[in-house]
Amino acid sequence: MDVSATKRRLLKVIFLGDSGVGKTSLMNRYVYKKFNLQYKATIGADFMTKELQIDDQLVTLQVAGQERFQSLGAAFYRGADCCVFVYDVNAVKSFESLTSWHEEFLKQGYRYPTKTRGLLTYPLCSYLFHWAGPADPKAFPFLLLGNKIDVDNGHNRAVSEKRARQWCDSRGSMPYFETSAKEDYNVNEAFLCIAKAALTNEEEEEPYFESISESVSEVETRGGGGGCAC
Numbered sequence: 002m003d004v005s006a007t008k009r010r011l012l013k014v015i016f017l018g019d020s021g022v023g024k025t026s027l028m029n030r031y032v033y034k035k036f037n038l039q040y041k042a043t044i045g046a047d048f049m050t051k052e053l054q055i056d057d058q059l060v061t062l063q064v065a066g067q068e069r070f071q072s073l074g075a076a077f078y079r080g081a082d083c084c085v086f087v088y089d090v091n092a093v094k095s096f097e098s099l100t101s102w103h104e105e106f107l108k109q110g111y112r113y114p115t116k117t118r119g120l121l122t123y124p125l126c127s128y129l130f131h132w133a134g135p136a137d138p139k140a141f142p143f144l145l146l147g148n149k150i151d152v153d154n155g156h157n158r159a160v161s162e163k164r165a166r167q168w169c170d171s172r173g174s175m176p177y178f179e180t181s182a183k184e185d186y187n188v189n190e191a192f193l194c195i196a197k198a199a200l201t202n203e204e205e206e207e208p209y210f211e212s213i214s215e216s217v218s219e220v221e222t223r224g225g226g227g228g229c230a231c
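Mapping of the sequence shown onto this note's numbering: position 186 corresponds to residue 187, and the numbering continues sequentially without gaps.
Rather than coming from a laboratory, the hints here were simulated on the basis of the structure. No incorrect hints appear here.
Cross-link-like lysine-lysine pairs, in silico, DSBU-like; alpha carbons within 30 Å at most:
1. K94 to K183
2. K163 to K183
3. K139 to K163
4. K108 to K163
5. K94 to K35
6. K163 to K94
7. K108 to K94
8. K139 to K8
9. K94 to K34
Quick list of simulated restraints, FRET-style, between CB atoms:
10. A76 to K163: 32 to 40 Å
11. E184 to A159: 14 to 22 Å
12. E52 to E97: 35 to 43 Å
13. E162 to D57: 28 to 36 Å
14. L107 to S161: 24 to 32 Å
15. S174 to N37: 31 to 39 Å
16. E104 to D56: 31 to 39 Å
17. K8 to E162: 36 to 44 Å
18. D185 to R9: 20 to 28 Å
All residues carry an ideal CB built from backbone N, CA and C; glycine is no exception.
Work out the full structure, taking the sequences as your base and the hints as a guide.
What follows is the structure in structure tokens.
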């Protein structure tokens with residue numbers, strides 16, 4: 002198939018989780034295939050993009066991550082096609098914070114109007130927005146990544162895989178991956194599942210052709226990833 006004649010989708014994926022769990026490292030590993038031990042806590046937001054091909058769809062995947070609740074504005078959430086939660090398997094607190102991150106994302110969905118096939122009745126507005134969060138939380142795609150599984154070969158692990166999967170199951174069988182940005186373990190598989198979930202969620206729109214300054218100029222065709230039914 003001639004991919005040059007295929008629609009290109011812009012998919013927005015946001016990464017949420019405590020500071021230091023490795024969100025930026027995971028994004029850099031996937032987009033730039035690099036890992037840096039000197040990453041500092043993100044101030045503001047990280048935005049990176051990557052182009053890939055999923056079946057017959059050309060996709061521009063925009064990934065964004067932020068560190069702190071107080072810095073999260075509605076614009077960060079708005080228009081998201083998928084939300085990824087990240088925690089450090091060696092830090093219990095980062096796992097316990099996941100529920101707060103999940104609730105915060107869901108709360109954003111009921112503050113702003115959305116684009117719709119029907120009429121917008123409230124609040125009155127001269128044009129349409131995306132919801133900041135999901136209009137239907139049960140149908141919206143979430144994923145969980147347990148990062149840093151390489152640390153001390155897992156000897157200091159504080160959160161078991163079973164516990165993490167139970168958390169996911171209690172929230173609609175959320176897909177779960179264990180990853181290592183440092184060792185590049187399961188990163189591509191996780192991001193492929195993320196991209197497929199975002200593509201499934203995205204509504205039919207006009208083709209996206211706008212260039213993005215940080216776009217990685219490569220098109221990837223990947224096979225399936227383990228641990229996900231995407």
